[in-house]
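Participant: Top line first, the protein sequences correspond to chains A and B.
Take any residue in the first sequence, count from 1 to its spot, add 5: that is its number in this note's numbering.
Take any residue in the second sequence, count from 1 to its spot, add 5: that is its number in this note's numbering.
If you're looking for bench data, these hints aren't it; they were derived computationally from the structure.
Mixed in with the good hints, there may be bad ones.
Examples of chain A residues lying across from chain B (beta carbon under 10 Å, computed) [claimed, not checked]:
1) V108
2) R116
3) I117
4) S118
5) S126
6) L234
EDC-like, lysine to aspartate or glutamate: derived pairs with alpha carbons at most 16 Å apart [what the hints assert, rightly or not]:
7) B:K87 <-> B:D68
8) A:K87 <-> B:D236
9) B:K87 <-> A:D236
10) A:K87 <-> A:D56
For each residue, glycine too, the CB sits at the ideal point set by N, CA and C.
Protein chains: 2
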Amino acid sequence: MQDTVTSNRIAADWIAADWGTSNLRLWAIGPGGEILAERSAPEGMGTLAPDQFEPALLRLAEDLLAPDRVTPVLICGMAGAKQGWIEAPYARVPCPPASGAPVTAPTADPRISVRILPGLSQSGPADVMRGEETQIAGFLADEPEFDGTLCLPGTHTKWVRIAGGEVRGFRTAMTGELFALIGRQSVLRHSLSPDGETDETAFAEALRHGFAEPAALSLDLFSIRPASLLDGLAPAAASGRLSGLLIGLELAGARDFWQGRDVVVVGTPGLTARYIAALEQLGGRARAAANPELARSGLVAAYRVLQG
Amino acid sequence: MQDTVTSNRIAADWIAADWGTSNLRLWAIGPGGEILAERSAPEGMGTLAPDQFEPALLRLAEDLLAPDRVTPVLICGMAGAKQGWIEAPYARVPCPPASGAPVTAPTADPRISVRILPGLSQSGPADVMRGEETQIAGFLADEPEFDGTLCLPGTHTKWVRIAGGEVRGFRTAMTGELFALIGRQSVLRHSLSPDGETDETAFAEALRHGFAEPAALSLDLFSIRPASLLDGLAPAAASGRLSGLLIGLELAGARDFWQGRDVVVVGTPGLTARYIAALEQLGGRARAAANPELARSGLVAAYRVLQG
């Protein structure tokens, strides 16, 4: 029986889930691919032992399950890490972004059947991703012919070369994590804007400087403090300078990924706008992805492939 | 009366104190310049309100005071910062390292008379130091003709150009603070040696790489994590790589301070050895200061000048 709604209850045809380090986000998908419900909970891989994943999933999704059949659940992200629910070994690039075989997770509840998509790895230089490969698959579902670079800014920003429907190579920059650690805990925290307000002129100047003089980073970072003490550098300008120096450094290091290539940026609206502006200021060309729900699109695309 | 010892009590002729962000360290000095006692306490500027400095000083030094005369106390370091006991305005370089007029701190106890030495500031690029200028004065008391660079590695490493008995210019790198934040709190902490053990070969390789490719820092830092996950990079090698990348970056940025110049490194034994080895690996020439107690020597030299 394919009725998806019985006495006001939603019964998912299947469930798509993006399970990261900090959050679980899931969607109940109907038989025609329509989204019946969307849920999230702050129960990420970082706080769960392996045997706590199934209960966390059921807490969030139990009322979405049909009582009389098995509901498939397809998961991407850190739930497949070594410290996660069960390890889904990496697929090695170059390869299509969601080509690796999913791993079946152990479950006790007979109403669910759970599979986890593998991440991607690269050797020389060593690099890994988990979750972003599914966003990439979602992007390629919309633009299968894309030849260029995807930039996924965040705590760990991914730079990904795409051609021929494959991930050809990628690197990760820890810019977002550095920004958070330095901004909240270093001596510079006294000089920065407490609400994250950013002076765009200061950002643009520091971006160009960080890009042109990456070797001076450690000196230029400290210099924000005396500029505030001695010259009255405003907090919003100090925050702009910190962000500009770190993104300028990243764009210098990731130059081969974006110079002379089409770049699509996939992230939160604020970060996406900042990276696009930064790339354009340095002579690159960049745009945002048309569809921001790429993890969900990628899970839907991967599920279709698995169904044959 | 100049007796310094009465009924087994030490009475200092004067007291020298190095009062930093985290610690207070002081010496009771006799009339001939001899050290009668040395004390320290974890009562730094970072945890004291202005009116708590005098009580903290008395807790540590009261039994060193003569009952029947005023004991001068000369202080260097963060006690003279805006958030300290009383602000001792910066002297601006180029100038001799301890040439600024000390500021008298407000005190209630009639047995002490407290003065705080100013730090140094620089404009274009903006930079500041408090405490290191007194170590530099101590160094110049031993080597007044030195023409070269002092490197004072630590949380905030100072690179200082010295010539003609003056500080000609300086820059600060936040390498030590970055190392601590990234090593203890970023995603890399899972890969590093818990006891700080460092593989010297990995350090040397990363040093050369960080020096040659500073733009790649944000990418190369992250890469430590997948190298550990995928290739089994040992914790001591991961710690060496983190340290090497950050010091390599610093030495690239501070190149004008050390290439073709004599460098003297002043710091804890471990850091001093590491910076000397790093400079030599990159073709520099460096040595440790002969006298490691430079703050005390500098306070003694400054006290002599103040006494005329």
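Participant: Hint by hint, note whether the structure agrees.
Facilitator: A quick look at each hint next to the structure:
{"no.": "1", "hint": "V108", "in the structure": "17 Å, violated"}
{"no.": "2", "hint": "R116", "in the structure": "34 Å, violated"}
{"no.": "3", "hint": "I117", "in the structure": "29 Å, violated"}
{"no.": "4", "hint": "S118", "in the structure": "28 Å, violated"}
{"no.": "5", "hint": "S126", "in the structure": "6 Å, holds"}
{"no.": "6", "hint": "L234", "in the structure": "6 Å, holds"}
{"no.": "7", "hint": "B:K87 <-> B:D68", "in the structure": "29 Å, violated"}
{"no.": "8", "hint": "A:K87 <-> B:D236", "in the structure": "14 Å, holds"}
{"no.": "9", "hint": "B:K87 <-> A:D236", "in the structure": "14 Å, holds"}
{"no.": "10", "hint": "A:K87 <-> A:D56", "in the structure": "13 Å, holds"}
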